[in-house]
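S.K.: Each chain, letter by letter, is given below.
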Amino acid sequence: MSELEQAAAVIIGAGIVGNSLAYHLAKLGWRDLVLVDKGPMPNPGGSTGHASNFIYGIEYSKMMADLTADSTRQYKELGVFIESGGLEVARTAARMEEVRRRASAATAWGVRREIVSPGEVHELVPYVDPSVVVGAIYFPEVGVVDSLRAGTIMRERAELLGALTVRAGTEVLGIEVDPVTRRVRGVRTTSGDFATETVAVCCGVWSPRIARMAGASIPLTPIVHQMISVGPVPLFADTSGEIAYPIVRDVDTNMYERQHGGDLEVGSYAHRPMIVRPDAIPSNEEAALSPTEMPFTQEDFDPQLEQALELMPELLGDERVGIRYAINGLISMTPDGHPVLGETPEVKGLWSVAASWIKEGPGIGRAVAELMTEGVSEIDIAEADIARFYDFQRTRRHVEARAAEGFNKMYGIVHPAEQWSDERRVRLPPMYEQEVALGAFFYQTAGWERPHWYESNAPLLERYGDAVLPREAEWESRWWSPIINAEHLAMREACGLVDLTAFVEIDVTGPGALETVQQLAVAQMDVPVGRVVYTSLLDGRGGFKADLTIMRLGPEHFRVVTGGAHGMADKKWIADHLPDDGRAHLCDLTSAWSTIGLWGPRARDILTSVTPDDVSHEGFPFATCRNIEVDGIAVLASRISYVGELGWELYVPMEQGARLWEVLADAGGPHGLVPVGIGVYGTTGRLEKGYRAYGNELSADYDLVEAGMTRPSVKPQPFVGKEAYLAQRERPPVATLCTLVVDDHRASDGRLRHPLGGEPVLTPAGERIVDAKGRPSYVTSAGSGPSVGRHLLFAYLPTDLAVEGQRFLVECMSERLPVTVAVAGSRPLFDPANERVRA
Amino acid sequence: MDVLVCVKRVPMVGGRIALTEDERHVDTTMLGFTVSPHEECAVEEAVEITESHGGTVTVCTLGPYEAAEQLRAAMAVGAHAAHLLETARDDFGPVGTARAITEAVRGLEASRGLPFDLLLFGNEAADTGDHQVGVRVAHALGRPCATGVKHLAVANDRVEARREYRGVEELFVLTLPAVVTVKEGINLPRYPSLPGRMRAKKAPVTTETPDFQPDRLQMERLRVPRAERRSAEILGNGEEAVPALVALLAEWGIVG
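Chains D and S supply the protein sequences, listed in that same order.
Under the numbering used here, think of the first position of the first sequence as 37, with each following residue one higher.
Under the numbering used here, think of the first position of the second sequence as 1195, with each following residue one higher.
Next comes chain D alone, as it looks inside the complex (with noise of 0.2 Å):
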């Protein structure tokens, strides 16, 4: 390299998110910061110079939510914020469901949101024809930022504090990787190059290219968003400043307009999904306008020219309202529609901080760069970790069928258990084929196909009658069958069989193995061999970084086993944590291994049919494991459940599942065996027995006190966040968390309604629910409870709110339906004194 330079951390990319994460870094002390663009400043030529710049606070994600709350609050203080209110229209009784949805998730995050007459939305933007619209939600908060201007005084504002240098019109050549350590060592460029360890890929839609340098994947694609200008409009002649009106989200046409000046934008994603490798994007020289402000393709938009002349006639009817600025706007998506954030799991030092909108990318600035300062950011963003992506995920192919799928449901109306069509069976278990001869109805989880029900078990129906809890309305019957209620009365009554390949195995060996999972995991690593731990793992703060279980199956093996949605990240935690010396090594399983699981009464009847080895509840205690034989096949028994039911996990060699699965299920027939979908594991055998989840009730915004799952001592071995822990140990909990059960689930239209998670828990009166931490209630996980007989659901509560027997409300679909507190902690449900799983 000539010319080096040292640099503490090298930022690509001078748009909103490489401006803001280079603000955020200098004000946590960061110094000798470089951020280089290849394009000049102000406007760099990427996304955020053409954005629409609008910000609308709702989200069903509370990260996002929390994201763009944070972005908007930063904006504000920058000066750039102008509130203009903000409306979603609603041209169809199922939209108008889904506002009422929208509204129950706005008050859950605390944004406030109205339910409005057609005649309402007129009175706000005079240029809606009414008749076209059933109703809106209106949004007050709503307004519209200067990105640009934003960017350039976060960046200024670094400059000023002495911690960044600015290098415009800069080129990145390469990314220099040691190639033992894969850590970054320099970055080289037009403008001479740099030696430092951390690199923070800032690119938006160029993302891809630039991480390709090191040799690490950043799994988005760009991809178009028409958008034009039309005006002048004579309307707008007589307002001041860059917008008076109300922005529109035509969602059913998926659409948006809102006025820009003397123009009104006009921007759509409802035309065909037009993906644009990052490769053929124009450089700066060569664009017409910019590199993301790509041709125009007219006729892709004239289908949403007629929908837009229909809902505001007047002014778009007028002859002498041009369109003045049409582009094909590049935008990024990912093949799960959120951003990609966190160190690259191929090379240390390389960040990804890409597929954020305007609305989010202070927020996210400001959280990476906590994450890169401390390990840990106020706002928990484990949703969006770049290190959530299997292999499979990273593929062109996967991203871009993902992204074109996900692109038109943009303004969708997207139920929250709705699967993908396109990219199935890219995983599939070895009992896949007996599974779909018994009529599963297949979930994708990590790209495994997993059944969530069995049509063979229809049958179950009739006899468990009206114990299944039918539901009524459409919206929770979607995604949905009371067959899962029947397997779960039947695995309680006699036995259930569960396909649980979609885990992960990781086996940590050496002579470090035991201190390494010891310095992770909360419980006690130092176990006999042969124990089954189950354990979280914290950050440094003392929040959730994960929630699993290991096995100790030598003096130097471990096995950790986690759920196959969150196994990649947590796989790249434990690896984060390695001994430097090599005395420990990770080995990824999870291809290797394929689990069953057989839980119910009858479980240990059923296994001592096929095994020559001793399954007595003597023989083979609760929370052990030990190699077994069944039937010929050598097979891996844990004694553990998550459905609060006696039997074990079975882990076999993934060429004789389906061996497995025949055996078991032959053996289980005289027993009462069925066939059981990942409904019971995952949502109704776990609720009843208060088990919690990680992603949903666990995460970097609890604790273990307040998920109520603290044990009676703290081992003396050190370990991540036991400082903490041990501070949480010594003052009450500010929430605790509770199952609660709906009282009646009658909605004001007679119709019966049931929670399906995401909505806000109220007052008697009506009233939102905030802790002392600013953390508001909302239903974290819900479910039936057949055995129990109630829809139930978790939530936190402020401590002192949490007595069993205390009443609240739940907005359900803007319906209030009564709730109790049912348990104010973790006794299940269901079995309190857990004799089932010991039996």
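It should be emphasised that the hints constitute simulated quantities derived from the structure, not laboratory data.
Be careful, since some hints might not be right.
Stated by the list, open to error - Think about it this way: if two alpha-carbon atoms lie no more than 20 Å apart in a straight line, the pair counts; the simulated SDA-like pairs of lysine to any residue are:
no., chain 1, residue 1, chain 2, residue 2
1, S, Lys1396, D, Gly353
2, D, Lys809, D, Val770
3, S, Lys1395, D, Pro331
4, D, Lys112, D, Ile189
5, D, Lys112, D, Gly146
6, S, Lys1396, D, Lys112
7, S, Lys1395, D, Asp336
8, S, Lys1395, D, Glu346
9, S, Lys1396, D, Asp354
10, S, Lys1396, D, His307
11, S, Lys1395, D, Gly353
12, S, Lys1395, D, His307
13, S, Lys1396, D, Ile189
What the hints assert, rightly or not - Coverage of chain S stretches by chain D, computed from C-beta distances (three or more under 8 Å per stretch; other residues unrestricted):
no., stretch
14, 1217-1225
15, 1251-1260
16, 1311-1323
17, 1374-1387
If you're wondering where the values come from, they're calculated on a predicted model, not measured in any experiment.
For each residue, glycine too, the CB sits at the ideal point set by N, CA and C.
Following the hints, put chain S in place on chain D, whose structure we already have.
M.R.: Only chain S this time, still in chain D's reference frame:
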């Protein structure tokens, strides 16, 4: 007044132009398409003439199937009819193009039963810049032709065309039917309205296949000349830049 306007589909290029590997074309992989600013003005002029004098505007182009996009863009701002000389060939030069357009005009006029009063062209195409097609068509049809026109006025059976040349304004009077090639600046073209765009989308485009004969004029190769490296000097930021800026303005004689 019935006016026929001829336009040409050309790539919308940025600051730096990329060529195809055979160096015979502009690489349009990442580019959109448009017509030259002269032609946009020709369409606008035709629309304004018919708005004040009545009549129709027909827009015509020779190009690929996709060139209908440019015809519809013209209809979105007020042209009434469109005619596409559809060809996938990329070696129509100015002679062949003029010949094909001449034939098309004859055909259109025969089916109308009367000639177009006025044929408008852009002064030159935005990509090849031959300055030939309008003149060649006029010659072939035996009609008077004025080029480089920046002002046009219609009166009964004639048009007055003005242009500036070497500091002198020239005024021509052309008896109709006539041919005029216009230059950017003759008017300010309007933007398409939404209703205009929607009318254009539904409007028919008539099509014919032009005959091709090789020109005796062949374009051999394109080359992008080495661009001058332009540089800018940053005088400073905020207030600290003021003295340097004032000194520079004084040097240029802008401030005393």
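S.K.: Look at each hint and say if it fits the structure.
M.R.: Hints, verified against the model:
1. Between S:Lys1396 and D:Gly353, the direct Cα distance comes to roughly 16 Å. Compliance with the 20 Å bound is thereby established for this hinted pair.
2. For the hint pairing D:Lys809 with D:Val770, the CA-to-CA distance comes to about 7 Å; that is within 20 Å, so the pair holds.
3. Using a Cα cut-off of 20 Å, the hinted pair S:Lys1395 and D:Pro331 holds, with the two alpha carbons roughly 18 Å apart.
4. Between the alpha carbons of D:Lys112 and D:Ile189 the distance comes to roughly 12 Å, so the proposed pair stays at or under 20 Å and holds.
5. The straight-line distance between the Cα atoms of D:Lys112 and D:Gly146 is roughly 18 Å, inside the 20 Å bound, and the hint therefore holds.
6. Restraint check for S:Lys1396 and D:Lys112: the C-alpha separation of about 46 Å exceeds 20 Å, so the hint is violated.
7. The suggested pairing of S:Lys1395 with D:Asp336 holds, with an alpha-carbon distance near 12 Å, which does not exceed 20 Å.
8. Of the pairs offered as hints, the one joining S:Lys1395 and D:Glu346 holds, with about 17 Å between alpha carbons and a cut-off of 20 Å not exceeded.
9. Distance hint between S:Lys1396 and D:Asp354 is fulfilled; the C-alpha atoms sit about 19 Å from each other, no more than 20 Å.
10. Restraint check: the Cα-Cα separation between S:Lys1396 and D:His307 comes to about 19 Å, which is no more than 20 Å; the hinted pair holds.
11. Among the hinted pairs, S:Lys1395 with D:Gly353 is consistent with the structure: their alpha-carbon atoms are about 15 Å apart, no more than 20 Å.
12. Among the hinted pairs, S:Lys1395 with D:His307 is consistent with the structure: their alpha-carbon atoms are about 16 Å apart, no more than 20 Å.
13. A hinted pair counts as satisfied when its Cα atoms are at most 20 Å apart, and S:Lys1396 with D:Ile189 does not qualify at roughly 48 Å.
14. Residues of the stretch 1217-1225 of chain S with a Cβ under 8 Å from some Cβ of chain D number 3, which satisfies the need for three, so the listed coverage holds.
15. Chain D is given as covering the stretch 1251-1260 of chain S, and this is violated because 0 residues of the stretch bring a CB closer than 8 Å to a CB of that chain, at least three being needed.
16. Here's how the stretch 1311-1323 of chain S fares: 0 of its residues keep a CB closer than 8 Å to some CB of chain D, so the rule of at least three is not met and the hint is violated.
17. For the stretch 1374-1387 of chain S, the stated coverage by chain D holds: 4 residues have a C-beta nearer than 8 Å to a C-beta of that chain, and at least 3 were required.
Consistency with the previously given hints fails for numbers 6, 13, 15 and 16, ordered from lowest to highest.
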